[in-house]
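S.K.: Sequence:
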Amino acid sequence: MRLEDLDIEMEEKNLEGYWAVDRSPSPEPIPTVKPHVWKWSAISESLERAGELVGLDRSERRTVRLINPGLKQEVRSATRTVHASIQLVKPGEIARAHRHNMTAIRFVLRGHGAYTAVEGEQFFMEEGDLILTPNWSWHDHHNGGDQPIVWLDGHDGPLVSAFEVMFVEPFPKQQQPIERPQDFSSRRFGLARPSWGVEGLKNPPLRYKWTETYPALQALSASAGDPYDGVLLRYVNPLTGGWTLPTMSCEIQMLRPGEKTRAHRHTSATIYHAFRGSGVSEIDGEKYEWEQGDCFVVPTWSRHSHSNASDKEEAILFSLNDRPVMEALNLYREESQK
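Okay, so the sequence shown: first residue is 145 according to my numbering, each after it adds one.
Don't take every hint at face value.
To be verified - Here are the simulated DMTMM-like cross-link-like pairs (lysine to aspartate or glutamate), alpha carbons at most 20 Å apart as the crow flies: (1) K183 x E479; (2) K456 x E395; (3) K157 x D201; (4) K346 x D327; (5) K353 x D428; (6) K234 x D290; (7) K317 x D284.
Please keep in mind that the hints were generated in silico from the structure rather than gathered at the bench.
Please construct the entire structure, taking both the sequences and the accompanying hints into account.
M.R.: This is the structure in structure tokens:
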């Protein structure tokens, strides 16, 4: 028998020989995810048109998804592990309640007067706020204000889908009942917390208020900061002091006027949103310009640095990444510029 005949015979039996595949190993990762900038002008125009054409009776969530050009034929998301999209809820609208075993975050970009309900608690939404929706939590969105509310959605759907363990369940009614007082979670899980009722709970729903985050950035801007990220703060889980969520880390960083960071690379892919200011990120030798409202992605193991385009105004980047997964699987590596 010839080797070619054996290969054909094995193929018919759903088998394959190691020798039949090109196994020329690369000494380091070669990501299919591509560096890319999604311009706010394009996002907002699409979102505005969707607001005119798509009602929440047709689509439970009116979102514009960020599709990485390197993944169009595959998972159709921003990275292989994290999905990002921009959501619009118009005045008077209710995005009905459901739950899923994807973990999600909301970072508020525009508007106020709306709230997200998570597990019977209202989390009011103001620009710059970060709201967490843990795995399998009932949640819905209600805009009771007089202006549209827009936020960045992030979730670990691509990772959950890769494991083929996705669960989704609609709530019996359009909205879940509000059963907890305002600021219940922040008081229960804050720095001073009750001695009862938190056993076994690892990831509570939370709202990180911009009115608290921004002063912290300002206060720390006088320090040296991180040479690779400027003044960077991580949103931590108050119960563990660890990552924001088991599968995603959320971070906020300030690039001071004229600041340019040193280059490094790591095995976590990162999605950025330019919340304030403008700048340039150099990714694997290519320069990508961004301004307020733009989103961009840095693939895994891609050398990158950031610079603030202004010598007078600060630039602020919100980001989310999959480092908790890489750490948990002992796959995280980081390399600084030599």
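S.K.: The structure should be examined with respect to each hint, and the outcome stated for every one.
M.R.: How the hints compare with the structure:
no., hint, in the structure
1, K183 x E479, "violated, 29 Å"
2, K456 x E395, "violated, 23 Å"
3, K157 x D201, "violated, 48 Å"
4, K346 x D327, "holds, 18 Å"
5, K353 x D428, "violated, 34 Å"
6, K234 x D290, "holds, 8 Å"
7, K317 x D284, "holds, 11 Å"
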